[in-house]
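Peer 1: Sequence:
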Amino acid sequence: MRAVLLSLLISCGGGDTPTTQTPPNGEVPPAEAKHETRDTLVIAYQGDIGYLLSPVYETSADVEILANINMPIVDIDFDCSLKKKPGIATDWSWSEDGTILSMTLRDDITFYDGNVVDAHDIAFTWELLGDPKVGSPRIGYLEHMKPDGNPKVIDDFHLEWHFTHAYDRDTQVAHASAMSIVPKHLLKDADRATLRGHKLSKNPVGNGPFRLEKYEPNERIVLVPNENFTGPAEMRPRLKRVIFRILPEYATRLLELQSGNVDFVQNLSVADTDQLKRDYPHIRIVRRGWRFMDYIAWNQSLPKFKDKRVRTALTQAIDVDAMIGKILTSESGERYGRPATSNITPELCGVHNDEVKPLPFDLEVSKALMAEAGWTDSNGDGILDKDGEKFEFTLVTNMGNKRRGDATILVQSYLEKLGVKVNLEIRESNVFFQSLRERKYEAALAGWSAALFVDPSDVWQSDAAGERREFNFTNYSNPRVDELIETGLKTPDLAQAAPIWKELQAIIYEDQPYTFLWWMEETVAIDSRFENTEIDVLSPLKNLHLWEVPPDKVKYPK
Numbered sequence: 032m033r034a035v036l037l038s039l040l041i042s043c044g045g046g047d048t049p050t051t052q053t054p055p056n057g058e059v060p061p062a063e064a065k066h067e068t069r070d071t072l073v074i075a076y077q078g079d080i081g082y083l084l085s086p087v088y089e090t091s092a093d094v095e096i097l098a099n100i101n102m103p104i105v106d107i108d109f110d111c112s113l114k115k116k117p118g119i120a121t122d123w124s125w126s127e128d129g130t131i132l133s134m135t136l137r138d139d140i141t142f143y144d145g146n147v148v149d150a151h152d153i154a155f156t157w158e159l160l161g162d163p164k165v166g167s168p169r170i171g172y173l174e175h176m177k178p179d180g181n182p183k184v185i186d187d188f189h190l191e192w193h194f195t196h197a198y199d200r201d202t203q204v205a206h207a208s209a210m211s212i213v214p215k216h217l218l219k220d221a222d223r224a225t226l227r228g229h230k231l232s233k234n235p236v237g238n239g240p241f242r243l244e245k246y247e248p249n250e251r252i253v254l255v256p257n258e259n260f261t262g263p264a265e266m267r268p269r270l271k272r273v274i275f276r277i278l279p280e281y282a283t284r285l286l287e288l289q290s291g292n293v294d295f296v297q298n299l300s301v302a303d304t305d306q307l308k309r310d311y312p313h314i315r316i317v318r319r320g321w322r323f324m325d326y327i328a329w330n331q332s333l334p335k336f337k338d339k340r341v342r343t344a345l346t347q348a349i350d351v352d353a354m355i356g357k358i359l360t361s362e363s364g365e366r367y368g369r370p371a372t373s374n375i376t377p378e379l380c381g382v383h384n385d386e387v388k389p390l391p392f393d394l395e396v397s398k399a400l401m402a403e404a405g406w407t408d409s410n411g412d413g414i415l416d417k418d419g420e421k422f423e424f425t426l427v428t429n430m431g432n433k434r435r436g437d438a439t440i441l442v443q444s445y446l447e448k449l450g451v452k453v454n455l456e457i458r459e460s461n462v463f464f465q466s467l468r469e470r471k472y473e474a475a476l477a478g479w480s481a482a483l484f485v486d487p488s489d490v491w492q493s494d495a496a497g498e499r500r501e502f503n504f505t506n507y508s509n510p511r512v513d514e515l516i517e518t519g520l521k522t523p524d525l526a527q528a529a530p531i532w533k534e535l536q537a538i539i540y541e542d543q544p545y546t547f548l549w550w551m552e553e554t555v556a557i558d559s560r561f562e563n564t565e566i567d568v569l570s571p572l573k574n575l576h577l578w579e580v581p582p583d584k585v586k587y588p589k
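In this text, residue positions in the sequence shown follow our numbering: the first is 32, and each later residue adds one.
Note that these hints are calculated values from the structure, not bench results.
Hints are supplied without guarantee of correctness; some may be wrong.
Stated by the list, open to error - Restricting the straight-line Cα-Cα distance to at most 30 Å, the calculated cross-link-like pairs of lysine-lysine (DSSO-like) are:
#  : residue 1 : residue 2
1  : Lys-533   : Lys-177
2  : Lys-573   : Lys-233
3  : Lys-219   : Lys-183
4  : Lys-452   : Lys-337
5  : Lys-339   : Lys-452
6  : Lys-308   : Lys-233
7  : Lys-215   : Lys-233
8  : Lys-471   : Lys-233
9  : Lys-533   : Lys-339
10 : Lys-388   : Lys-335
11 : Lys-164   : Lys-114
Unchecked claim - Cβ-Cβ distance ranges computed for the label pairs, FRET-style:
#  : residue 1 : residue 2 : range
12 : Lys-245   : Lys-308   : 26 to 36 Å
13 : His-193   : Glu-447   : 49 to 59 Å
14 : Thr-261   : Asn-234   : 14 to 24 Å
15 : Asp-305   : His-189   : 26 to 36 Å
For glycine and all other residues, C-beta sits at the position ideal for the given N, C-alpha and C.
Work out the full structure: start from the sequences and follow the hints.
Peer 2: Now the structure itself:
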């Protein structure tokens, strides 16, 4: 839930003489941490943060920053499925029936102010998550917990999670460790209805290897090592500072990368990869796994998109393979995309349904389906109409994402040939995602960074009585899908649940609530002076505390 350039050119390679530059915007690093730190990492970010506070965080920027200013309850690696590692929790076990997850916590992790992180803080975090006054978009994490989703505190460093039923244990752990922990002693008296406006939402008190030093709205976010970090010594940062510069326009981010004013850019346009490899040897291009997908959401709250025949016709009028060739294929012919038929990532081996094939591009079939649904060009003006209403809608996407912007133009062109008038609109990222959650749009070209566990309930399960599914942007509802979700989440082993999830994917693709566009290997650019970087399917900034620069390659020594 998706984030995420002036005049001096960096010279390449090892052995370069360190420069005496100051980090962008005149930043001067603070005193060194308890062990040697070197250099500054400058990251170009597409959008600003929303809220740096569980459980109201929203954007990909929120997620990545929270992950670096807090220790996880349970850390993970990934290889076809989640691999759990100790974080704040050092040990975990299940009851015989799989409904109780017990955790033992470290007793030496402290918040920035010196207060020890304990089981009461974790329970309080989940209490906030479930409070309707807070209005967390991730309240679905509590759905399979009882009685109210709050873990049971056994003592200061032991707690239990009680689930309504046994289900996949990796998913249980993911649900039980999804939030960054908030300090109860600082928030217990806060007005929960206005938690997003609390000072900690922009000036968080974390417990991890970094701390937020400065935040300038729509300009930059600055992280520095947490000198009082009490976690494992190997988690102490090697960098003096990390600066996130907010640069909404892709062209600006690219220029700043080429000019050497930023070190790290996500979501590169594939069209730029060949030139960067050829002309900028100081830049390293990294491909991540199949975790990122784009789609067009059809708002089924609107009459024109309620008919499955219409949604199918729109999909078959769009040549997705040709779009991949134009948008996700480099000049040298490297393809960075593959057609999507589901939002369950192909990285989940054995769970993604490879037997569901993309609908073929066929304009004549699309026209026939539209006619069958009652949409014809009755007056010869080139636009389909029905009962006096023209088939016209606005397709929105988020600012600063060149790939999606290019895709909307191609979609507009394809659907014009079908007789559908498409107006295009670009919205600032936070405004765009808010409009999706509130279903205040007609059609939207958006994307997912897919979860690495399976829980489709937030996206595909029908709205509950009096409760809207926060990420069911399309108002989708199918009783069989609801049934499969309930059954799948009660199946304690992912391999056993795989046939259930495969059936679910087939039904959803048949229903076409989305036009599923593509899975893509996101391309990330990073200055080659940085070593020990882990850029993988889990995170573009994984283990940021381990990133370092050799002494002879330091760019910002002060």
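Peer 1: Against each hint, give a clear statement of whether it holds in the structure.
Peer 2: Here is how each hint holds up against the structure:
1. Straight-line distance between C-alpha atoms of Lys-533 and Lys-177 comes to about 28 Å, which keeps the hinted pair within the 30 Å bound.
2. For the suggested pair Lys-573 and Lys-233, the alpha carbons sit about 22 Å apart, so the restraint of at most 30 Å is met.
3. In summary, the hint linking Lys-219 to Lys-183 is supported, as the alpha carbons are separated by about 18 Å, within the 30 Å threshold.
4. For the hint linking Lys-452 to Lys-337, the alpha-carbon distance of about 18 Å falls within 30 Å, and the restraint holds.
5. About 19 Å separates the Cα atoms of Lys-339 and Lys-452, which keeps this hinted pair within 30 Å; it holds.
6. Only pairs whose Cα atoms come within 30 Å are accepted, and Lys-308 paired with Lys-233 is rejected, the gap being roughly 37 Å.
7. At most 30 Å may separate the alpha-carbon atoms for a hinted pair to count; Lys-215 and Lys-233 meet this at roughly 17 Å.
8. For the given pair, Lys-471 sits about 27 Å from Lys-233 by alpha-carbon distance, which is consistent with the 30 Å threshold.
9. A distance of roughly 21 Å separates the Cα atoms of Lys-533 and Lys-339; the hinted pair therefore holds under the 30 Å criterion.
10. Of the supplied pair hints, the one linking Lys-388 and Lys-335 holds, its CA atoms being roughly 26 Å apart against a limit of 30 Å.
11. Restraint check for Lys-164 and Lys-114: the C-alpha separation of about 35 Å exceeds 30 Å, so the hint is violated.
12. Taken as a hint, the range 26 to 36 Å holds for the pair Lys-245 and Lys-308, whose Cβ atoms sit roughly 34 Å apart.
13. Under the hint 49 to 59 Å, the C-beta atoms of His-193 and Glu-447, about 55 Å apart, fit the expected range.
14. Distance hint for Thr-261 and Asn-234: a CB-CB separation of about 21 Å, consistent with the stated range 14 to 24 Å.
15. Taking the beta carbon of each, Asp-305 and His-189 are about 55 Å apart, not inside 26 to 36 Å as hinted.
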